[in-house]
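Please model the complete structure; the sequences and the hints are all you need to start from.
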Amino acid sequence: MNCLVKESLEKDGLTLKSGVALPEVGSDEVRIRVKATAVCGTDKSIYHSSSSEGIRREMLRYAEDDNSYTPIIVGHEFCGIVDELGSGVGADRFSDV
1 MNCLVKESLE KDGLTLKSGV ALPEVGSDEV RIRVKATAVC GTDKSIYHSS
51 SSEGIRREML RYAEDDNSYT PIIVGHEFCG IVDELGSGVG ADRFSDV
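For the sequence shown, the numbering used here assigns the number 1 to the initial residue and increments by one for each residue that follows.
Hints in this document: simulated from the structure, not taken from any laboratory. Values in this document were obtained by computation on a predicted structure and should not be read as measured data. Misleading hints may appear alongside valid ones.
[Unchecked claim] Taking lysine-lysine and the BS3-like style, the derived pairs with C-alpha atoms no more than 27 Å apart in a straight line are:
(1) 11 <-> 44
(2) 17 <-> 44
(3) 17 <-> 35
This is the structure we're talking about:
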């Protein structure tokens, strides 16, 4: 898959990566094949993280003491089609939009 990756919260910018392996689907998760995406204000703050103390604190809150959180695949404004189901997800979710 193609994705934008945040390599470090201390440096501005994002890196476009190609050929990234698709994530494994957990038992209570679905995987979505993205059809369209957009950029929002949070993405802009992530891009400029070296000067955005608030976004660094927010992202580090999820990492706790573990610095292995980077690189991070960014983006949460998207739409797509469910293309894989975890074992605990009902089959009626497959192909949901």
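Hint check results:
1. Our distance criterion of 27 Å between C-alpha atoms is met by residue 11 and residue 44, whose separation comes to about 13 Å.
2. A C-alpha spacing of about 18 Å is found between residue 17 and residue 44, which places the hinted pair at or below 27 Å, so the restraint holds.
3. This hinted pair checks out: residue 17 and residue 35 have alpha carbons roughly 17 Å apart, not beyond 27 Å.
Every hint from the earlier list agrees with this structure, and none is contradicted.
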